[in-house]
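Undergrad: Protein chains in written order, with full-length UniProt numbering: chain W, 1 to 191; chain L, 1 to 625.
What the hints contain is simulated information worked out from the structure, not anything from laboratory work.
All of these numbers come straight from a predicted model, not from anything done at the bench.
Please note: incorrect hints may appear among the correct ones.
Among chain L residues calculated to face chain W with C-beta under 8 Å, some are [as the list claims (entries may be wrong)]:
#: 1; residue: Gly297
#: 2; residue: Arg555
#: 3; residue: Gln558
#: 4; residue: Ser615
Built from N, CA and C at the ideal position, the CB exists for glycine as well.
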Amino acid sequence: MKNILVIMAHPKFEHSRIMKGMVDEIQDMPNVTIRDLYELYPDFNVQVQEEQELLLLADVLVWLHPVYWYSSPPLLKQWIDLVLEFNWAYGPRGTYLKGKTAFSAISTGGNDAAYSANGKRGHGLTQFLLPFKQTATLCGMNYLPPFHIGGSHELAAQKLKQETGLFKSLLEFLTQNRDFSGLHQFPKLNQ
Amino acid sequence: MENGFLFQAMIYLSAAIVCVPIAKKLGMGSVLGYLLAGMLIGPFVLGFIGEEGEDILHFAEFGVVMMLFLIGLELEPAKLWSMRKMISRVGLSQVLLTTFLFFVVLLALGQDWRQALAISCSLALSSTAIVLQSLGEKNQLNSTAGQNSFAVLLMQDIVVIPILALLPLLAASGAMVSEEALHSPISQFSALVQTLFVFGAVIFIIIAGKYLLVPLLRLIAKTRLRELFVGSALLIIVGIAFLMEFVGLSPALGAFLGGVVLANSEFKHELESDLEPFKGLLLGLFFIAVGASINFGLIRENFLLLVAATLSVLLLKSILLFGIGKYNKMGTDQNLTFSLGLSQVGEFAFVTFSFATQLSIIPPSTTEFLMAITALSMACTPILLLIREKWILPRIGTREKASREQDYMHEKNKVILAGFSHYGSTVGRFLRANGIQATILDFDSDRVDLLRKMGFEVYYGDVTRLDLLEMAGAKDASIFISAIEDPETNLRLVRLLKKHFPHLELMMRAQNRADAYEMIELDVAHIYRQHLESAVRMGRDVLIKLGFRAFTVHRLAQNFINYDEDSLKELVKVKDDKNAYISTIRRTISMQEDLLKSELHRRFSLNDHAWDASSIKEGLKENKE
């Protein structure tokens, strides 16, 4: 079994629907650890050592967050700034994350169609998430395409349940398989 | 036989101490235990007490008065007002229908209509003492059955007034009444003046409660003499009872009213905890007296007749009550508690029966018989409730879910805040600003007064008293905050709470490290040293004034607090080996020495690489070499 570390950032989790649905689905899974950043570090004082220890134990890192202004909420950026230290996560002696897998699991207000080259936003999601991809790459991690739930403001409850269920089965797949060639069969992880 | 006061007191107390625990152990409730104790020491079994049982009964009725005062304290005026429909509908229908039913039955049995009316009025009433005590013991007072029972009993207490007025009218024209025996000192006045007196007394209680009693209690509270406070609480009740008897109202009703008036005052909890033991003892005495007054001689002679009569009274009353309960949509479970609970004839019947005898409405032999029925029916109630609980309920299986009863529970605050000094009030204000109303306990009556004017719900009392904590709802609360300054009080409080309310999450204010150590040793998880954060904030501002960048200093301050709290937990482990016998002051100094030494070797700023390119530059240089 592989260990999955979910770094979740939502500044108003109590009002969230998508994030809550996703967390509800996965929180009782064995081998999945969820870090609720805004609950752990309301003062942005991220505890570097603690976070690094958890990262060491993980095989797969998930950045789980809603997309605000085409990026993550600030505390996730703070986490990245503080935890991914020079000579620990990257740099000549920074080898601790090498070979691990990372990906973003996100929700957006715009629907899937909006995030395409011809859509309203004018670029695909992977383009918007380039900084995250490059962060993972610099740390020697394998960055997977994002898991995306779009149209968060208009999503019906039933559809939401279906999509969060997909997220759960994706994580199940990731804990159980060494090689991710079967990933393409997941409709949401395909961009 | 020795009849001195001490001997009597000894007999009563030891009978209670022997019988009540046995009854409780057998699951019968204390009422039955007291009744059994009374029967045991009464003239027909052991014969320790004889006729004086009757006098004691009158004396002990004061326990009922006290009980209603306490019930009034629990019932704020707004809540009473919301019960008005229940009182008038359920209560009045019970009194009228039961009276009518007994009246018809007695007429059918060939009684004179005057006798029938006097008897049926008395039989309709139930025993406040037995019902409320039994329900209270089973925590049923706030259930549907409890509330409805209370409504009925309250209405019965009100109805007592017209019944007492009615009886003389029923008296055969020739029979003269000895005035002072039945009526108040004001009965020589005309009906109009009497009515004025009655209303005047009620209004007096309401106004005096608000503008006289509360300031008085405040004054007494300032003396910090507990016995004086207890004394004034007793004085209030005795005074009300006297006033009510003076104008010819039921003392219990007056005491209830007084309680309701004081229910909103800050002394509510203090009064409750002070009067509770008196009430309990007097009620116990009352039940013992009832038990002792049961005339077994008479029962032996007319055994079948008496048993049949008692059972039919109980049956008729409970069937009628069950119907009323059904009509008011009570569930079977609750309805059985309601109808069986109220089925006895109340203590007030003793008064009306003897009154009616004096008026020659009822012949003395009948009275004796009726009194035996009354006492027997009272003794049956705890047994009936026991049967309901043990045999009937499991069979019908309509036990309502606990959640339904929750609706009737008092709304208990989930947070209790002890100590409302500057510290506590800051916590309380912050909670209230976010919609959390804590139950607040404080020992300073001046402050309590001020804060109440500001709209806070603050209660007055010593927080290290178990009964006060219980009354404040420690059982139902989830968090207990102590903002009390005095370390000794806090430690006592922690021990008390850990022992009696282990479910509570404790959040404690501590003066300093030494306090915090002692609390850590008592396993308190959340300790708040009062100066830590503001001192660090001050230091932070000094650094900013000296030219440090604010965000960097902010992070340094956060780390310092974390470090300080961690080191507290570390140092507590070694503290006792070294410092067990040195004085507190020296201990504090040596503690500071330890801290300063360990900090000398620790450069906080160096631990933080965030957004700091220097380490990257060094690392890259190193790599090139």
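Undergrad: Does each hint fit the structure? Answer for all of them.
TA: A quick look at each hint next to the structure:
Look at glycine 297/L: its Cβ only gets to about 73 Å from chain W, farther than 8 Å, so that hint breaks. At about 7 Å, the closest approach between the beta carbon of arginine 555/L and any beta carbon in chain W falls short of 8 Å, and the interface hint on this residue holds. Against a cut-off of 8 Å between C-beta atoms, the interface hint on glutamine 558/L holds, since the closest Cβ of chain W lies about 4 Å away. Evaluation of the serine 615/L hint against chain W yields a held restraint, the C-beta minimum of about 6 Å falling below 8 Å.
This entry does not satisfy hint 1, going by the numbered hints stated previously; all others are met.
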